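*Asks:* Sequence:
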Amino acid sequence: MTCIVKYHGKGERSILLTKGDDLKVERIGAWFIDISGRHSFEEFEIEEDGKTTLVKKLHLWKLKTSDSGLYKCHVLNTDSSASLNFTVTDASPGPPENIQAEVLSHNSIGVYWSPPTNSANLPMTYEVHCWREKFMFEYDYKHFVVTDIVDPQYVIHSLKYNTKYHIGVIAVNQFGRSNFSHVDNVTVTTLDLPPLKIKNIRIINPVVTLNSEDRFSSVSPSLAESIPTTTSVTDTVEEHSGTAVEISWSNTSETRTWPLKWTQHIIHYKTDDNNTIHQKSVWKNSTIIYGLENDKMYYFRIETVFPSKSIFSAWEKFSTYLTEKTSPPPPKDMYLSVLSNNSMVIKWLPPPQEYRVRVRQYKIVVEEEDGRKQFFRVEEQIRKLLVTNIDRSKDYTVEIAAINNIGESDKIVRFLEPFRNISNGIYISAKPLSSTSVQVSWTSSYKSDLTRYLVRYNTIKSSASQPVDFFVKPSIMSHVMYNLQQHTEYIISLIPYFNDEPGNLTTTRVWTFSDVPSAPPKDVNVQSVNNTQNFMVSWNPPPEHTRNGDLVYYRLEYRTKYDETSKTMLVPADKNEMLLSGLEEGIVYEMRVAAVTVNGTGPYSTWVQMVVTKSGTVIEQPPEPPSNLTADPVPLGVNLMWASPLNTSIPVKGYIVGHGRFLPEVYRKILGPSVFEYTITELRPNAQYILTVRSFNSFGESKPAFLKAKSGKRQQNNYELTTIAATTPVPGAPYDIRIKERGEEVPTVLVTWKRPNIKEHIEGYILLYTNDSSLPLHQWTGVYERSLQYIIKNLAFNTTYFIRIQSQLEDRSGIISKIKFFTTRSVDKSKDTLPNPKITSAFSGSDYIQITWQPPDYAYIIRGYILGYGIQQPGEYQEMLPFSETTFKIKKLAPETVYHISLRSFGEFGESERAVLSVTTTA
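Residues 1 to 923 in full-length UniProt numbering are what the sequence shown lists, from first letter to last.
No lab work stands behind these hints: they were computed from the structure. Treat each hint with caution, since some may be false.
Stated by the list, open to error - Only pairs whose alpha carbons sit at most 25 Å apart, straight line, appear in this in silico DSS-like list of lysine-lysine:
#  : residue 1 : residue 2
1  : Lys-793   : Lys-431
2  : Lys-575   : Lys-317
3  : Lys-270   : Lys-284
4  : Lys-431   : Lys-199
5  : Lys-740   : Lys-669
6  : Lys-199   : Lys-19
7  : Lys-270   : Lys-199
8  : Lys-394   : Lys-373
9  : Lys-759   : Lys-793
10 : Lys-199   : Lys-51
11 : Lys-325   : Lys-373
12 : Lys-473   : Lys-793
13 : Lys-51    : Lys-19
14 : Lys-394   : Lys-889
15 : Lys-431   : Lys-473
16 : Lys-317   : Lys-296
17 : Lys-384   : Lys-373
18 : Lys-197   : Lys-431
19 : Lys-394   : Lys-431
20 : Lys-164   : Lys-309
21 : Lys-759   : Lys-818
Quick caveat, the model's predicted, so the values are computed rather than measured.
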């Protein structure tokens with residue numbers, strides 16, 4: 001603020017600057033406001049209209065809120081006087097409001113606030129101040145200060161773990177700064193160092209000799225890994241006896257802003273029958289431990305050492321039991337891909353681990369169409385092989401088998417067909433649009449004879465899912481796939497068709513985005529520990545398919561029953577329990593838990609109530625086994641019942657139900673402490689199973705209660721859908737729509753229809769279907785088909801679907817049919833029946849049909865396939881095929897004839913369900 005006074009004439013002069021109504025004059029030139037230390041005074045003469053004018057200026061700066069108000073400047077000389085009233089308004093901002101702080105990790109805090117109420121829409125920035133509390137009522141004044149923040153939020157990084165901080169925010173505009181926000185009530189404590197988590201433990205192969213001519217060595221440990229910390233561990237690059245285990249864990253130093261540097265990792269391990277703990281020090285986040293005993297249960301724990309403390313992972317159990325009494329099962333699957341430099345990449349998945357059969361090596365045979373073969377042998381830990389200098393104009397057949405000292409497994413066979421035109425080709429790419437949708441796009445140089453594309457997609461992880469196939473026109477170069485699984489990797493394939501003959505397959509992979517969890521944590525339980533004021537809250541993670549991404553932590557809320565506000569605790573994602581202390585005796589408390597991903601917080605579990613009462617000390621040992629275990633058969637399952645352990649003084653946190661056909665506890669299910677009955681479903685009919693039930697608490701699991709029992713027989717299911725009453729067809733639309741359910745593991749239907757009675761040439765048909773008839777038609781799922789039938793796969797169980805079909809003419813769409821609806825069957829299929837082969841494609845000519853299928857999972861128990869075909873029913877003619885076959889051409893067929901084809905596997909346990917389809921030969 002500047003006050004300017006001009007004088008004309010002579011005589012004594014006085015200036016009076018006052019605030020409010022106080023206008024007393026004490027002396028000449030008095031200033032009745034507190035301006036000490038923040039003002040300057042200046043006086044000079046100027047010539048103005050031929051007169052000499054005296055000018056006095058008073059400058060004030062650093063105005064405060066207390067300086068606001070009404071001012072009066074009164075000036076006198078010998079001849080006259082003058083005065084001026086003016087108002088000073090404080091335009092500097094007030095302090096930010098509603099300041100909140102949230103712990104994000106061990107070294108970061110999120111700060112959020114609302115703008116000041118008197119901001120007057122002026123441009124504004126913020127300063128965030130962060131104090132670290134050293135001692136009670138003593139602060140570290142070399143605190144963090146971040147300036148020029150535009151948005152009302154900020155994340156503070158590089159903080160110290162497990163430390164209490166005080167947060168304050170200042171608003172700044174062109175007129176000044178606000179007062180400092182109150183910091184006493186805005187405090188937050190960062191998380192402690194995140195605990196370690198063991199990611200993977202697996203058996204690797206020590207040095208073995210397959211025969212007298214061939215000797216293969218395993219991967220040797222690095223020099224850093226081979227330095228032992230105790231004499232009980234010896235790692236060298238020489239031959240090792242016993243079993244070797246590779247173990248890896250999460251390395252906390254991988255966090256970019258990690259404030260400390262660890263010095264070493266220590267692996268602790270012991271057996272279940274010996275409490276001697278062995279140690280090994282390493283400087284990486286994985287290592288190999290040699291010389292372990294075969295057929296033993298081991299416990300592993302990781303310690304990471306920091307300069308001031310150590311952190312530990314939980315104990316993880318791992319069995320070194322691997323049998324080598326039989327040859328191994330074959331690899332689970334194999335994929336072929338071609339690189340642009342005439343090289344082929346062969347990738348495969350290892351055999352199923354639950355069968356615990358040792359694998360030493362893999363044998364790969366690559367055969368050209370002229371019979372020339374290349375042989376490769378790789379170690380068990382290898383998962384891919386690069387084959388160079390291939391001729392892309394030739395057919396290739398690739399076989400792979402797993403090997404151990406007993407022999408080799410059955411082979412998995414895949415085919416690589418030649419490119420029709422080496423100068424042309426297809427480039428395919430895919431990108432996620434959301435957590436449930438993906439867009440696949442491609443470019444093609446093919447021009448002549450290209451009639452359509454087959455697009456196929458499937459998940460990578462889930463072996464139970466079936467591929468989804470659909471055809472698109474040759475003019476289409478992209479497609480959006482909806483209703484996918486969140487945070488799931490998909491493999492997408494594209495096959496061009498040339499006059500109904502398939503071309504070469506091109507694949508790509510893509511992950512859908514993650515999302516918030518769609519289900520709450522399970523089995524929330526509260527149990528008293530040691531005294532009346534300590535309670536352990538425990539839970540299990542949400543089902544894996546509902547997590548929709550990697551969990552980052554859990555939110556535990558608790559409150560008194562009649563209090564609307566609750567307290568929140570953040571629990572790391574690898575920890576499923578939290579101790580609550582300091583609760584009041586005689587008060588009813590409620591608590592609930594939610595899982596959190598990077599996208600946000602999922603739904604909370606229901607409130608669990610408990611009353612703090614007097615109780616005795618909990619015995620720190622695992623409970624005894626459950627008592628009175630009984631089993632009764634139910635259709636395709638077994639109903640188990642049990643009672644609590646006989647010793648009721650040891651608390652029980654829950655029960656674990658296990659079952660397996662030849663090995664116990666191949667499958668395990670965790671239940672709550674109040675559950676004493678469980679039905680195991682989807683079993684092989686009338687088959688004997690090994691059943692177990694264990695009790696457990698915070699200190700471990702009990703020994704199992706064993707029982708052998710047979711599952712119930714299969715219910716007779718009618719897979720034929722009820723025929724819907726005929727209605728009058730729409731003139732010019734496809735009619736006589738029929739739906740027939742196939743005998744697949746997941747509901748699959750065959751839809752057939754008749755050509756509309758129109759003269760125009762029909763290019764094909766659009767089949768639209770949905771399970772929500774209220775949706776507009778453009779949101780129904782649509783597929784393009786040139787024939788008069790289509791197979792819809794991967795439908796939901798016990799769900800009603802609606803179908804409409806529309807013909808596609810040369811220049812427009814035809815008339816659409818009326819709605820046809822049907823309901824799929826309920827879930828009653830067995831997961832332990834002999835696994836089904838999956839028919840992946842069927843191509844026909846005038847006198848042949850070529851069938852290709854995918855071997856089932858756990859295929860080493862399969863001995864072969866039975867392929868049936870006929871005009872009236874699929875079993876009129878049958879072919880017995882060996883397991884190594886995955887394709888077969890049925891020859892000498894009649895032209896323009898519909899053939900019904902079935903395929904099932906057989907082995908020592910019987911036959912699988914049939915996979916059935918109908919194919920029409922061409923003219």
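*Asks:* Work down the list of hints and note, for each, if the structure agrees.
*Replies:* The hints, checked one at a time:
no. : hint              : in the structure
1   : Lys-793 / Lys-431 : holds (24 Å)
2   : Lys-575 / Lys-317 : holds (16 Å)
3   : Lys-270 / Lys-284 : holds (21 Å)
4   : Lys-431 / Lys-199 : violated (28 Å)
5   : Lys-740 / Lys-669 : violated (36 Å)
6   : Lys-199 / Lys-19  : violated (73 Å)
7   : Lys-270 / Lys-199 : holds (18 Å)
8   : Lys-394 / Lys-373 : holds (13 Å)
9   : Lys-759 / Lys-793 : violated (33 Å)
10  : Lys-199 / Lys-51  : violated (92 Å)
11  : Lys-325 / Lys-373 : violated (31 Å)
12  : Lys-473 / Lys-793 : holds (21 Å)
13  : Lys-51 / Lys-19   : violated (32 Å)
14  : Lys-394 / Lys-889 : holds (20 Å)
15  : Lys-431 / Lys-473 : holds (21 Å)
16  : Lys-317 / Lys-296 : holds (10 Å)
17  : Lys-384 / Lys-373 : holds (18 Å)
18  : Lys-197 / Lys-431 : violated (31 Å)
19  : Lys-394 / Lys-431 : violated (32 Å)
20  : Lys-164 / Lys-309 : holds (18 Å)
21  : Lys-759 / Lys-818 : holds (21 Å)
Consistency with the previously given hints fails for numbers 4, 5, 6, 9, 10, 11, 13, 18, 19, ordered from lowest to highest.
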